[in-house]
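Undergrad: Position chains H and D relative to chain G; hints supplied.
Chains as they are written, first to last, in numbering that gives the first Met the number 0: chain G, 0 to 230; chain H, 0 to 494; chain D, 0 to 315.
No lab work stands behind these hints, which were simulated from the structure alone.
As the structure is a prediction and not an experimental result, all values here were calculated from the model.
Where is the CB? At the ideal position from N, CA and C, for every residue including glycine.
Non-contacting residues of chain D with respect to chain G, defined by C-beta distances greater than 12 Å in every case (computed):
id, residue
1, SER26
2, SER34
3, GLY37
4, ILE40
5, PHE67
6, MET96
7, ALA107
8, LEU115
9, MET127
10, GLU140
11, THR247
12, ILE264
Label pairs and their computed distance ranges (CB to CB):
id, chain 1, residue 1, chain 2, residue 2, range
13, G, GLY207, D, SER130, 41 to 51 Å
14, H, TRP24, G, ALA106, 58 to 68 Å
15, H, HIS96, D, ALA286, 51 to 61 Å
16, D, PHE291, G, GLY207, 24 to 34 Å
17, H, ILE18, D, SER283, 55 to 65 Å
18, G, SER55, H, VAL472, 52 to 62 Å
19, D, SER283, G, ILE190, 40 to 50 Å
20, H, LEU401, G, PRO82, 55 to 65 Å
21, G, ALA106, D, LEU108, 24 to 34 Å
Listed here are the chains, written in short residue letters.
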Amino acid sequence: MQPLLENLNALAAGLFLLTAFGIVAMRQARACLHLFIAQSLLLAASAALLALRFHSPHLFGVALVNFITKPVIVPWLLRRIAPAEIYTRREIDQVLNIPTALSIALALAIGAYFLGIPLMQALPPEYRGPNVPIGIAGLFLGAFTLTVRREALPLLLGLLAMENGAFLAGISVARDLPVLVELAIATDGLIIVFIVGVLVRAVEQHVGTTAVGELASLKEAAAQAEGDVTP
Amino acid sequence: MNVVVILLPPLVAAALACIPSGRRWWTPGVTLLSCLLVLVLAARLAWRIAAGTSVTAELGPGWSNWVMVDGLSALILLLIAVVATTAAIFSVGYMGHGERTPRRLRLYYANYNLFVFSMLAIPLLTEPTLVWIVVELTTLCSALLVSFENTHEALEAAWKYVVLSLMGAGFALFGFLLLFAAMHAGGAGPYTWTGLIAAAPTMPPLVAQTAFLVILIGLGTKVGLVPMHTWLPDAHSQAPSPVCALLSGIETTTILYVILRLFPVMQGVPGAHAETWALVLGLISVGTAALLLLQVTDYKRLFAFSTVEHMGIILAAVGLGTSASYGAMQQIVTHSVTKSFCFFAAGATLLAVGTRQIGSVRGLIRRAPAAGAALLLAGLAITGAPPLAVFLSEFAILRAGLVQRQYLVTSLLALFIVIAFFGVMLHVNRMVFGTAAGGQAEEDPPDETAALRFRLPLSCAIALLIAAIPVIVLGVYIPPPLDELLKQAAAALSR
Amino acid sequence: MSARIGFNLLQVLVVLAFAPLVSGVTSRLKEMVQSKRGPSIFQPYRDLRKLFHKDEIVSQDSSWIFRFTPYIVFVAPIFVALLIPVLTSYPLFFAFMGDMLGGGFVLALAGFFATLAAVDSANPYGPMGASRTRMVAFLAEPVFMIVFFTVSFVAGSTIPYIVQQKWVTPLANFFAPSHVLLVLAFILLILAEGGRIPVDNPTGHFELAMIDESKSLEYSGRGFALMKWGGQMKLFVLLCIFLNVLVTPWGLAAQQSLGAVLLAIPLVLFKIFCFVLLLVVIESSLAKLRLFRIVEFLGAAFITSVAAMIAQVFAA
Chain G
0 MQPLLENLNA LAAGLFLLTA FGIVAMRQAR ACLHLFIAQS LLLAASAALL
50 ALRFHSPHLF GVALVNFITK PVIVPWLLRR IAPAEIYTRR EIDQVLNIPT
100 ALSIALALAI GAYFLGIPLM QALPPEYRGP NVPIGIAGLF LGAFTLTVRR
150 EALPLLLGLL AMENGAFLAG ISVARDLPVL VELAIATDGL IIVFIVGVLV
200 RAVEQHVGTT AVGELASLKE AAAQAEGDVT P
Chain H
0 MNVVVILLPP LVAAALACIP SGRRWWTPGV TLLSCLLVLV LAARLAWRIA
50 AGTSVTAELG PGWSNWVMVD GLSALILLLI AVVATTAAIF SVGYMGHGER
100 TPRRLRLYYA NYNLFVFSML AIPLLTEPTL VWIVVELTTL CSALLVSFEN
150 THEALEAAWK YVVLSLMGAG FALFGFLLLF AAMHAGGAGP YTWTGLIAAA
200 PTMPPLVAQT AFLVILIGLG TKVGLVPMHT WLPDAHSQAP SPVCALLSGI
250 ETTTILYVIL RLFPVMQGVP GAHAETWALV LGLISVGTAA LLLLQVTDYK
300 RLFAFSTVEH MGIILAAVGL GTSASYGAMQ QIVTHSVTKS FCFFAAGATL
350 LAVGTRQIGS VRGLIRRAPA AGAALLLAGL AITGAPPLAV FLSEFAILRA
400 GLVQRQYLVT SLLALFIVIA FFGVMLHVNR MVFGTAAGGQ AEEDPPDETA
450 ALRFRLPLSC AIALLIAAIP VIVLGVYIPP PLDELLKQAA AALSR
Chain D
0 MSARIGFNLL QVLVVLAFAP LVSGVTSRLK EMVQSKRGPS IFQPYRDLRK
50 LFHKDEIVSQ DSSWIFRFTP YIVFVAPIFV ALLIPVLTSY PLFFAFMGDM
100 LGGGFVLALA GFFATLAAVD SANPYGPMGA SRTRMVAFLA EPVFMIVFFT
150 VSFVAGSTIP YIVQQKWVTP LANFFAPSHV LLVLAFILLI LAEGGRIPVD
200 NPTGHFELAM IDESKSLEYS GRGFALMKWG GQMKLFVLLC IFLNVLVTPW
250 GLAAQQSLGA VLLAIPLVLF KIFCFVLLLV VIESSLAKLR LFRIVEFLGA
300 AFITSVAAMI AQVFAA
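Pulled out of the complex, with its shape left as it was, chain G reads as follows (with noise of 0.2 Å):
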């Protein structure tokens, strides 16, 4: 039982990585969404197959409150609060051409693997498992979308990826924090959500596009070029 466990942590925790790059390359903004979705999905089946192994019902409770709020409420969410047109956007041409950027995503994952093997071996062995570098992967990997992507919706989901990452590398090393701690950071994944999606609306009422990665007024050569503001 144990050994078949450990597999199947190890394989929540592979296709995890596999979202991730898939989050950074997916032309679409919907495939992004589901792909995210999937990723929550998956940080909450590893919290659950790490709570069997280590028969801890504290993270039981972690992979429920992840499974309520990720894949279900955020979606929710973004409807309510978004514009309806950051659903519909497909990145037709990027910052980086899609190979690129799947080699240099992929060039970060061995990264953070390299990172990540030293802190196992300093950490007593049943911290020991995929998750730490996976989750390292998952990080670099979210800040890696964060400057690729140009769309509204995959930046978003570049951020809450991030934290998925750092969350999935923290289930399997810091397992008893206290539950109004994780009940706080999964809420701060909401409010993440209603600020960005606020932020999204006012940029598409007032500069007209979803493409927020592309604003870039904001230099001093451009700037002498700008008129008066009045406050």
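TA: Quick look at chains H and D alone, frame taken from chain G:
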């Protein structure tokens, strides 16, 4: 009385500010009242801590795992209260000056109160992951404030701010979870700042060092350390001026406080070299900011780069070691009050001339004397001209550096401070006294000059006056209670 | 000893005989999914027999490559069939003559000659399809390499028989992340190398859009029959590598008796038909990718295989 009560006034004010009422004074009045209450409570707390009572012990074991107040926390709380109050006074005039719908004003004041609430919670909490959550809350509460003007630039600035801050916070979350793991790997202990200090020798060194670095980079993004500072000039210049005062004056300082809490922990971990990292990052920030400052064309960005510079100075001072800790704490205090004054002056200038471009502003002293004088004082103060506040604290830091024989570091710091002085004063001088491009001062007939003069709103003038007092006073005299508080705060930086 | 040679030849015969059947079943199922009746599953046999009786027309401007290629395309999968486990789980006579990399290179050799022949005939559509086939093939090569390296790293050898014994041995390994990711990467690879949707449309007649079909545009009669049969055998061989080595190395003959080996034939065919079901579902639900997106498709396969390699090499 329970310390947590200090959090209630801003929450209540935020709720009350959302209530639409016919009277114009309702939302600003509620906000001002709550800020004054917070100021009174924070001052009382700081007085008690400076007098030597330990507030945490009074709370009892149930609360003390979550809340702790010592010298450093009380100092930051006091600073938040002071700047929030003066910024609230300034907001009354500033926001009332333009044509804004009551609904927009309610949004502004509600967000303002929530922002103050989130900042107040950071020094109180002692469980690091909870602190992380509140740090994210500060970003989220201020995002809508930064984008308040709803122009292209403001929205872009808010977007960059949110994305970069949350990215840093994601890294910081990982760091805090790693720190938790390191602590539990060595043996249990409550996951609080004091618990961490006690558990430091038993933590696996590699994990603790990695956690520290990751947290430094992650939260350093929010503080504005180079090279993660790219959002700061945009966000801190596009926001409305009172919000800029809050952001530059206290928000970056509060996040820096969280980083500072880690230093006594890292002193117990062998091979961590936390001070070296702080010194290097601090110096890089100061240098880059001082050099970048020379080519700005927008005076609010000028002050924003100055924030980056001062954050670097504080971090470098912490990196210099325990003899410079007092100077670092003094710098925190003087920077907060001076920077908020700077942004009030910038706000008054913006109200007077209507543009943010340095090139378009000439001869401010003639058109708007109050704003011009304030801007001049602000420029002098923030770059460390004697006998104003920042000069004393920078002098203390440099002297501590010389005492420690860190000649290279001290000379670099002095060099960058001088570069920044010239950069800022060049621009400010031209703005305040300069003649319009193309020759002599205009010979306006007297009545036209009088008609061109700009009247600052009363509350803005009051805020400027109140904010100027500590800037001038702290340059010559540090009241003994404050001195005691600073000493206790400096002591919190070492084991 | 002679039993082993005999079984090896039996393997080749099985591949020869049943490859058209797999192709026929695939087409019939695809048509049935689209609510049509579809051709009989034995239709490919009839097509091959018809083609062998027809005359061959060869262009005057073509060289020996054109005449030679059908034989190479026909024989290459047979060579590979000698090397891989089709029916038995113990190594046969020719098993150590070449490993998986060698098998891959032999198949690539056939593809190379097919490309040359397409260019040789001076048909305008031939070189177009040939260049596209080359693009798909060279993008698929790294995926092959990484998959083979990963499994060989675990098994300690590149011989498919040995890999098969070590790869999925404890059942729990079936869910190991490296295994699942490799399976995903190899499925994408089969879709690319076999010329299936979403990479290429095997039933398309539009020459401008052909990728893999273009290699047999100019052929007629016996040459065409050999090219078709060779293509079908290539898919069969790929499926054998996939199913018998990587995914389900069960159902193969463990004893050296003829009965066990003959029993293995329907079991292997059953596994292949299960995969054909999956293939039909994929082909019926996706659309053909635009040409420049095939690069991203194969890039995704590459990433998946490297992720599998990372999960295997670093996490073990």
